[in-house]
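S.K.: Go by the hints and put chain D onto chain E.
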Amino acid sequence: MELRPILATLRRHKVILWLLMLEIALSCAIICNGVFLIVQRLQHMDMPSGIAERELVQIQQAPIEPPADRFARAQEDLATLRQIPGVQAVAMSNQVPFGGASSNGNVMLSPTQPHPTLNAAEYFGENLVQTMGLQLVAGRPLRPDEYVNADVVIKALADGNDKGFPMPMLVSQALATRLWPQQNPLGKLLWLAPTASFRVVGVVATLARANAYNIATAQYSMIIPVHMGADKDQSYLLRTRPADRQQVIAAAVAALKHADPTRVITHMRAYDEIRSDYFKDDRAMAGILVSVIVALLLVTGLGIVGLASFWVSQRRKQIGIRRALGATRTDILHYFQTENFLIVTLGIVIGMVLAYGLSLWLMLHYELPHLPGIYFPVGALALWAIGQLAVLGPALRAAAVPPVVATRSV
Amino acid sequence: MFGYYLDLALRSLKRTPILTGLMVLAIGLGIGASMTMLTVLHVMTDDPLPGRSSHLYVPHLNPLPLKGNFFANGYDPSDHLTWPDAMALLNAQSARRQSAMAAGHLLVRPSAVGMRSFYVDGRYTTADFFTMFGVPFERGSSWSAADDAAGAHVVVLADSLARKLFGGTDAVGKMVRMGENDLRVIGVTTNWQPSPLFYADSRTKRYSDRDLFFLPLSTAVDLNLGTDGNVDSWGKMPNGDMRSATTTWLQFWVQLDTPTQVAAYRQFLIDYSAQQKSLGRFQRPATNARLYSLMGWLVHENLVPGDVRLQMWLALGFLLVCMVNVMALLLAKFLRRSGEISVRRALGARRRDIFVQFGIESAVIGVAGGVLGVLIAELGLWSVRHRPDDYAHIARMDASMLLTTLALAVFASMIAGLLPAWRACRVAPALQLKTL
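As given, the protein sequences belong to chains E and D, one line each in that order.
Read left to right, the first sequence gives residues 1 to 410 (my numbering).
Read left to right, the second sequence gives residues 411 to 846 (my numbering).
With the rest of the complex left out, here is chain E:
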């Protein structure tokens, strides 16, 4: 295909050409960054929790009226729940990954350290490893006899009494690697307060925080052998087969109500709901970004259709002359396709620069990493495809112009 006649024609429509290129460039810049944002959101939504998500259900209740003993009540409830058919394991936990409401502690590597090293999630509750389906990669799980009631621990800390410390604890692999890089974390000590020391006895592969808003610190978690007692911030976790979840929820609520008819159940749900609730903003944003990209491609495509149709009808006579002089239909078709390819390519070149600029602006205003190079071709391919698709109709119409047009006057 000879490019010279195409370039000569385009030179006569400089302003329109520039506008079309600008439109393609803007679309390209938005699409490159938009696809990147979508992938970021999807990655965020994919954040691992480390737990057997499809096998868990959560039941949460209002606090009981004193003078009932909340620790005894928790043990009774757990025993009741353990009896329910289909339940493989039960635990009481103060939080769940992506549950929103979180409990965190400031971790120190020495009791006299003036400022904490980092902040990590504190999971309390017996039998969490088995119930949540956590994967233990080193050491041992916490034993039932190591668990202490929360009021005892709080009193000891208030009195400055260090009896019972260091307590054993489990940490997540991410936390262990951050605190003791390249070292065996088993047996290491850490402090949550100047008198509260803990010894790492085991490491779980993954356990996400309840408020995992920062991907870098999302997996910093600890499991501490403390009984919290029945209270509004605690919830019962039940592990079961995925197919039995709804059945187990109904049976569990019925059993709890049977044990105490005045009890108020505030939440009962399969874990899936918790996860989908936590990431709903990301899902909505990804959906909006997809719609914007589709709309951009649509508008750009329609713009190309409009202009190309215009040019075809404007050049009917010239097309007729070319046909009369021996050009085949394919030649005419290729002429318009090549013209479109040239314009879109020029637009994409400008678009790459704009995309880079836009990514810098986004980095300035939002917590985003640099736009990786892999996303640049994405916008280019999308626009080449939409350009060729858009021009096909008008180009076919141009190819259908009969040579006889050349002999007619305007």
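Honestly, the hints are just simulated from the structure, not real lab data.
Incorrect hints may have been included.
Stated by the list, open to error - Over the 12 Å line for every Cβ pair with chain E, so calculated as not near, a few chain D residues:
no., residue
1, H515
2, Q603
3, G636
4, R700
5, G790
What the hints assert, rightly or not - List of simulated lysine to aspartate or glutamate pairs, EDC-like, C-alpha gap at most 16 Å:
no., chain 1, residue 1, chain 2, residue 2
6, D, K615, D, E711
7, D, K615, D, E750
8, E, K280, D, D717
9, E, K280, E, D46
10, E, K232, D, D531
11, E, K280, D, D799
12, D, K844, D, E750
13, D, K574, D, D531
14, E, K155, D, D651
15, D, K584, D, D569
16, D, K615, D, D417
17, D, K615, D, D638
18, E, K232, E, D69
19, E, K163, E, D151
20, D, K615, E, D281
21, E, K232, D, E590
22, D, K615, D, D800
23, E, K257, E, E146
24, E, K232, D, D638
25, E, K280, E, D260
26, E, K280, D, D800
27, D, K615, E, D277
Stated by the list, open to error - Computed footprint of chain D on chain E, listed as stretches where at least three residues anywhere in the stretch have a Cβ under 8 Å from a Cβ of chain D:
no., stretch
28, 23-35
29, 288-295
Ideal Cβ positions, reconstructed from N, Cα and C, are used throughout, including at glycine.
M.R.: Leaving out everything else, chain D in the frame of chain E:
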């Protein structure tokens, strides 16, 4: 001439229906998307208390130690006050009115037979809250400063909660069991729900939550009811003592009516910080003390999420692409009519006349695009209302936004038509006439 140009424009647009349709669609889509997001932003940044908001201020002290990791939860703990600081500001009475408050979340145990216990959100606050924010009462009244001092076991209910608990009967004087305590109802407010709930902390769903009860802050602390808001402690191991000088959890609002009062209060805060610093409690410079206006506070609290702002920029970027698109199409269309332009010019039309003629043609596209844009924006807002977000239910277009939509559409299409019209009026008539 306007009528004639309008007629010319309509004829010209009718001659190329597909192209006209494309341009109207492009403007409509761009305007629709932009106005959806601008409307969301408009309702989110609306004034929650018109008439009163300009006199309301938030004092901001910084009792945090110089070093430490205080932002683990994604917000600044010094956005809230400690109990000693709040009490000091309250007792100083340096503002016309002042009130400390915190979120409450209590289990209501109705006395009526067959009614289940349920949780309600409300506020622990002090006497000035009601007069400062202008909370309207249906029955009874609020409590006095003496009740605050005594930690009286009283409660003010919102009408909906009062009706739920006591049916049609007068709730004032009745007892209600909240948590493990019996409180006497002394007043019932009418339906009052500022949007956003500006005085609540960042943990609140500020566009959908509302307070259903109000009880004295001192009572809540005496009875150890616990707060549902953000609580941040530093220094010693927190032991749940809400009166601690190293635990922030209280919101504080003051009413200042004149610029002199504002300046005086700002100085008062700096003096107070300096005094606390000399006592060794505060470590940061006293000039760190700030006074935020209501709207300034909402900006400080990042009321509009980053995602919403990003969506607005996306929509505006989309509008820009649509405008460039329309510009290219209009240019192609206008230049194709060089012959017609030349004839008009030869018959005596000035360049200005040609410019106006094409300007009107662009505006017609703008009006049509604007109407389409309103429809698309309504559709967009309908989909926003079906999102799970807290602000979703308030996303509605009002008359001012409707007019803005149409105006923006006409403006955008006129801008898009500017360059094409200018190019059209520069066509050299002689050259074109020869080829006719």
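S.K.: State for each hint whether it applies.
M.R.: Hint check results:
| no. | hint | result |
| --- | --- | --- |
| 1 | H515 | 9 Å, violated |
| 2 | Q603 | 23 Å, holds |
| 3 | G636 | 9 Å, violated |
| 4 | R700 | 24 Å, holds |
| 5 | G790 | 10 Å, violated |
| 6 | K615/D to E711/D | 13 Å, holds |
| 7 | K615/D to E750/D | 61 Å, violated |
| 8 | K280/E to D717/D | 12 Å, holds |
| 9 | K280/E to D46/E | 12 Å, holds |
| 10 | K232/E to D531/D | 14 Å, holds |
| 11 | K280/E to D799/D | 9 Å, holds |
| 12 | K844/D to E750/D | 13 Å, holds |
| 13 | K574/D to D531/D | 14 Å, holds |
| 14 | K155/E to D651/D | 13 Å, holds |
| 15 | K584/D to D569/D | 14 Å, holds |
| 16 | K615/D to D417/D | 53 Å, violated |
| 17 | K615/D to D638/D | 12 Å, holds |
| 18 | K232/E to D69/E | 14 Å, holds |
| 19 | K163/E to D151/E | 14 Å, holds |
| 20 | K615/D to D281/E | 14 Å, holds |
| 21 | K232/E to E590/D | 14 Å, holds |
| 22 | K615/D to D800/D | 6 Å, holds |
| 23 | K257/E to E146/E | 30 Å, violated |
| 24 | K232/E to D638/D | 12 Å, holds |
| 25 | K280/E to D260/E | 35 Å, violated |
| 26 | K280/E to D800/D | 12 Å, holds |
| 27 | K615/D to D277/E | 15 Å, holds |
| 28 | 23-35 | holds (count 5) |
| 29 | 288-295 | holds (count 4) |
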